[in-house]
Amino acid sequence: MANNLTPKNMALRVERYDYRLVFSKKGRARFISHLDMMRTFSRIFKRARIPVWYTQGFNPRLYIMFPLALPLGTESDVEIMDISLTERMDSDELMTRINSAMPEGLSINKVTEPAMDHKDIAASQYNIRFKLKNDKDTCGLFKDYLSQDRINVKKRSKKKGLIDIDIKPDVKLLSIKEDDGFAVADLILPSGNDKNINTSVLMDGFKEYAGEEFEQIYTTRTKIITKTGENFT
Amino acid sequence: MTNKEKIEQLLLNVQKPARYIGGEHGSVVKDKSKIDVRFAFCFPDVYDIGMSHLGMKILYSLKNERENFWCERCFMPEKDYKQVLIDNDIPLYALESLDPLYEFDMIGFTLQYELSYTNVLSMLELARIPVLAKDRHALAPIVVAGGPCVCNPEPMSDFIDIFILGEGEEVNLELMDLYNEVKKRGGSKEEFLHLAAHIEGIYVPSFYDVTYNVDGTLKCIKPNTDDAPPKIKKRVIADFDNVFFPDYFVVPYTSIVHDRSVVEVLRGCIRGCRFCQAGFIYRPFREKSIDIIKNETKCLCEQTGYDEVSLSSLSTSDHTKIAQLLKELADYTDLENVSLSLPSLRIDNFSSDLLERLKTIRKSGLTFACEAGTQRLRDVINKNITESEILSTCKTAFEGGYTTVKLYFMLGLPTETDEDILGIAELAHKILDVYFETPKELRGGSIQISVSTATFVPKPFTPFEFEPQATPEEIDRKQKLLVKALRSKKIKLSTHQDDTSVLEACLAKGDRRMSKAVYQAWKKGCELDGWNEHFDFSKWREAFDECGLDMAFYANRKREYDELMPWDHLDYLVTKSFLINENKKAHLAKTTRNCKEGCSGCGINKSYGGVYCGK
Ligand code: SF4
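Chains as they are written, first to last, in my numbering: chain S, 1 to 233; chain X, 1 to 615.
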């Protein structure tokens, strides 16, 4: 677990211990943007007096890695953050100390070694609970939407701006049911470096298909899945 | 759907939504069924600005210390979210409970700058609270306001029930206690206001009648009830060392303007620059002891997790034990990997050893608030900084590798001539010469001098309250003169927009009649006036015209010493005769020593705790 770092100068070599934290981001915390998560956690670690490892060099920075961005407004049970410490800490103690300094809605659920590589991530599973305005048959319409031969949606691409794509092959619906006027769907979409489709792409397409806005929509990432179909966390 | 659920759905489509939902570390949530008085602290600007404000943090935790009070925060929404609130019929709410403001007992605004006035009206309207004080009949909500602008609150007097003069740490609690008493016995708003007027520092504008002369100047301001004193005295915390200071801050998720711990080291200023309102209204000079400052620094750093702490004051270097203070603080911050920043520090008299440790000073570069271009004019304004000081500090700095210098000036100061304007350019060129005289091996790569000018705004309770503001045409001419005189690409000039200064001057020195113009301008859509992209001067002009008010009468007219000022019934402890004397000395280019060199008798009684008063 202790990696030796590159500096040739022995005095600069600091041992570092890597940990992977799995945390949930719920309630109001889902409005913390990806950019602000870095700031938020650096303050949490400082409050909790965690011996975090700083990048070496002219402008030392706290080492925190978030391999998967979570869109603003989406909740999650399974966010991942990799950190390095300057000393070894007991996993339970690390978890308790951090949790005691966390604001409402954030909480560490698991501390592990970073065994799997971020590149192994292939997809995420989501639970989406939603309801269209004006008492539309949300559940029925959503089933129709997914059973089209092609699901044409607009996706923002870095190079080409808004493009039309067919995401039929990418959406894997696990279950859908009706609950108290809401449609509740569990589904899998690609995430990670190779291919990434946010739920908003799918759901904006649905809004257009149904010709109606959402009255309420709650999205939660529930699982991160590797290329071989394993659970990443 | 609950209010919270509704808001959360709407936030999915706005910019930086974390500003509108609360839940930050340090925010105080209480059980409202156990609360006697609910107070909504409103900052009339956006979250990013308001959350940076120290006064709000102090009063927020002060009130929340009390078990039966609950103080919450509220800010002006950006245009996008404001529209969302209106479209979805959501009244403006406070961030802790997400309850609408109209459910609160007291709504408190802090008036930090004149250009935020219309935001007060917007926030009240968004909260569905009648904007005019006379249309609010019930005890709740009472609308109060404090902050520096309250030293002349007349242009806001139609909207606010109670102004709180001076420092708020004691008087806020006294006011809330009184409110609680009146509320419990089912008293009326009228009854509460009459009782409140007896508290020192409380100004109830509706209890005063103002009459005018035919030439538009004020004739008389006098109370219309025995409960209101003829003069209202500002509040001062005499025992500053033991004043309440929070041991926690609300730590925002999104980046804000000043995102760090802040510790207040001193209040008031010894210097008496004649244009500076803060230098007079916050008198006398008081300071905290090193141990208290150190302890407050430690508490805040631990609670917030910020990696930066800043010392707040008008002039940090004037702390009587500044070198020892900085050394001891640096010992702590070095150990904890926290950086110490000192925004208002004069670096003249420190050992290079100490300077080396205060790394952040290096980062921020060299800044001089020269204010005026010649020694004569600097004497007029009593700005105690000489050319040789500036040049020698620059020399040392250039030898240490600094390459940026920022110079701040004002245009349109009393007695200013073209020579003073050209003096600005001359000074900048002299600094440039100093750089080029610095040996190449020592100096940094490429020099950048930036010169910023702002238009002088005469303010109440300063020796310049009698002075006219230069007209926009004059300022324009002066700016052009300066542009022509600056002959190097290494010197960059930026000038402040004039129209806002004109409005600032009007609102700063306005009387009660101006309330109508504020209302009218707001009705025309003026809000967020402090933001260039939203400021619409033509609407303000129309509003003044429609109310029969002349901007030049307020901004560009010289006042005689015996003219009754709209704020003359307010007592900020510095005497009028002192201000008049200072004004006379200004016109003779005579300086006045600072309080440390010896008391000049501005009128403040020793009992207010001033370190140098009466010495
Ligand atoms: S009374 Fe004297 S020492 Fe005190 S603030 Fe006034 S001038 Fe300064």
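Hint data in this document are derived by calculation from the structure and do not stem from the laboratory.
If you're wondering where the values come from, they're calculated on a predicted model, not measured in any experiment.
Please note that the accuracy of each hint is not assured.
[To be verified] Listed below are the simulated EDC-like cross-link pairs for lysine to aspartate or glutamate, each with C-alpha atoms no more than 20 Å apart in a straight line:
no., chain 1, residue 1, chain 2, residue 2
1, X, Lys6, S, Asp166
2, X, Lys321, X, Asp247
3, X, Lys16, S, Asp166
4, S, Lys207, S, Asp166
5, X, Lys222, X, Glu563
6, X, Lys134, S, Asp135
Exercise. Among the hints numbered above, which are violated by the structure, and what are their numbers in rising order?
Worked result: Violated hints: 1, 2, 3, 6; rest satisfied.
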